[in-house]
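Peer 1: These are the residues of each chain, in order.
Number of protein chains: 2
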Amino acid sequence: MARPRTFDEERALDAAMRAFWANGYEATSTQDLCEATGLGRSSIYNTFTSKHDLFRRALARYIDVMSVPQAEILEDAERPGLERIRALFARIVDTEFDYREDDERSIGCLTVNTVVELARRDPEAAALVERDLDFRLGLLRVALEAGRRDGTVTTGRDPDTLARFINATIGGMRVSAQAGAGRAVLESIADTALDALRP
Amino acid sequence: MARPRTFDEERALDAAMRAFWANGYEATSTQDLCEATGLGRSSIYNTFTSKHDLFRRALARYIDVMSVPQAEILEDAERPGLERIRALFARIVDTEFDYREDDERSIGCLTVNTVVELARRDPEAAALVERDLDFRLGLLRVALEAGRRDGTVTTGRDPDTLARFINATIGGMRVSAQAGAGRAVLESIADTALDALRP
DNA sequence: GAAGTATTGGATAGGCCAGTACAAAATATG
DNA sequence: CATATTTTGTACTGGCCTATCCAATACTTC
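Chains as they are written, first to last, in the UniProt record's numbering: chain A, 1 to 199; chain S, 1 to 199.
Keep in mind that the hints were calculated from the coordinates and are not lab data.
Treat the hints with care, as some may be off.
All copies of an identical chain are treated as equivalent in the list; a pair is satisfied when it fits inside any one copy or across any two copies.
[To be verified] Computed list of lysine to any residue pairs in SDA-like fashion (alpha-carbon distance at most 20 Å, straight line):
1) Lys51 with Leu128
2) Lys51 with Arg11
3) Lys51 with Ala127
4) Lys51 with Asp122
5) Lys51 with Arg41
6) Lys51 with Ala27
7) Lys51 with Arg61
8) Lys51 with Cys34
9) Lys51 with Leu13
Modelling step: build the complete structure from the supplied sequences, incorporating the hints.
Peer 2: Structure follows, in structure tokens:
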């Protein structure tokens with residue numbers, strides 16, 4: 001019925017996500033977004049209405065994309081509970097090194113970056129992140145409860161507290177990675193955190 | 001010999017620090033800095049040369065101000081090693097609640113915020129933060145080694161690894177606070193982390 | 001092939017950005 | 001009190017920012 005798009009909306013969204021992820025919301029201009037996606041301004045505004053809306057969608061996509069494999073790991077009934085947490089840590093470390101610009105520093109995690117840069121003044125972003133937090137805490141509790149049942153998690157602390165702790169550890173690893181920590185350091189942080197699950 | 005200043009440079013720097021801390025570097029305009037400090041543009045540029053330079057000084061001041069009490073805690077020979085770490089955690093929690101805007105969300109830690117927002121593209125800021133990281137890791141090692149000697153830290157992991165872990169935990173607590181965690185949650189994260197020191 | 005419709009590129013708008021220019025004001029020194 | 005010197009307020013600059021406008025384009029349907 002009319003002229004069709006010459007670009008793939010999801011690819012564009014991915015490119016925008018990468019730009020926000022690597023540079024932050026404020027430091028990414030609409031011009032940057034045009035260059036990152038390869039689209040013109042018109043196409044961007046026609047498709048995504050505003051920079052803020054594009055960010056919202058990019059963040060939502062990031063959360064969706066990242067949570068699938070994490071859920072798979074944490075709900076993997078084949079593995080003991082503690083091993084699921086260990087595998088999650090390993091995945092976190094891998095992503096910190098897989099997704100990188102030319103730079104030697106990690107670009108971190110868009111969710112963490114958003115919490116730090118935007119959560120206080122952007123209620124929509126805060127809501128997305130909070131929803132994701134609840135979801136991930138739930139997944140962690142599942143794995144921790146499994147660990148308690150199968151004897152790999154022996155601490156007396158309740159799964160809720162432990163889930164918060166594991167989640168905080170992941171945040172700390174991501175900040176450490178952005179501060180320049182290498183693979184060995186991240187792995188040792190993860191290993192040490194696991195000690196708290198079987199004291 | 002000439003007209004004297006009508007403002008206190010340190011007070012102005014403090015106000016600017018608070019502004020950057022609460023809102024981030026990019027989202028804080030020079031206009032915001034004028035309002036926060038109560039100074040006119042001329043006074044700001046006359047005293048601090050540029051927004052970036054003002055930020056650099058604000059960050060340096062933040063690091064200085066924060067590290068003094070933390071060093072005191074971690075080097076306090078009266079306390080066993082583990083208790084020093086515990087006291088440090090308690091202080092982190094307190095600061096997350098002491099320094100707050102009207103908001104119900106924490107403004108976090110300027111160092112962490114800087115790592116996340118700026119470290120990748122601002123080498124000066126990155127250098128300040130890295131220097132501070134080395135300093136704090138050193139303090140943590142001191143306390144952890146003391147803990148090993150006095151028997152309160154019983155884990156077999158080496159102090160360097162443990163220092164990284166404790167530091168990451170603090171980062172994770174700060175991100176959690178910015179994501180909306182309350183006092184009880186932060187305290188439980190800290191308590192759980194301590195479990196890793198005496199497995 | 002004509003009509004209708006959505007996309008696209010380029011120009012543009014209005015505002016805010018960091019930073020500067022300059023003159024008026026204020027004070028220490030002589 | 002005069003002079004030298006610094007601070008301060010105001011106005012301004014050039015540029016980049018997000019967002020819009022509009023005409024040209026390209027495609028689908030009839």
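Peer 1: Within, between, both or neither: how does the pair Lys51, Arg41 come out at a Cα-Cα threshold of 20 Å?
Peer 2: Intra 11 Å, inter 30 Å, cutoff 20 Å: intra-copy only.
Peer 1: First find the shortest C-alpha distance between Lys51 and Arg61 inside one copy, then the shortest across copies, and answer within, between, both or neither for a cut-off of 20 Å.
Peer 2: Within. Shortest intra-copy distance 15 Å satisfies the 20 Å Cα cut-off; inter-copy 34 Å does not.
Peer 1: Check Lys51 against Leu128 for me: Cα-Cα at most 20 Å, and say if that holds within a copy, between copies, both or neither.
Peer 2: within (17 Å within a copy, 32 Å between copies)
Peer 1: At most 20 Å between alpha carbons: which applies to Lys51 and Ala127, within, between, both or neither?
Peer 2: For Lys51 and Ala127, the Cα distance is within 20 Å only inside one copy (18 Å; across copies 32 Å).
Peer 1: Can you tell me if Lys51 and Arg11 fall within 20 Å by alpha carbon in one copy, between copies, both or neither?
Peer 2: For Lys51 and Arg11, only the intra-copy Cα distance (17 Å) is at most 20 Å; the inter-copy one is 36 Å.
Peer 1: From the Cα coordinates, with 20 Å as the cut-off, is the pair Lys51 and Asp122 best called within, between, both, or neither?
Peer 2: within (13 Å within a copy, 24 Å between copies)
Peer 1: Is it within, between, both, or neither for Lys51 and Cys34, if the alpha carbons may be no more than 20 Å apart?
Peer 2: within (11 Å within a copy, 28 Å between copies)
Peer 1: My question is about Lys51 and Ala27: at a cut-off of 20 Å on alpha-carbon distance, are they close within one copy, between copies, both, or neither?
Peer 2: Cα proximity of Lys51 and Ala27: in one copy and across copies (12 Å, 15 Å).
Peer 1: At most 20 Å between C-alpha atoms: does Lys51 with Leu13 qualify within a copy, between copies, both, or neither?
Peer 2: within (12 Å within a copy, 33 Å between copies)
The structure fails none of the hints (numbered hints given earlier).
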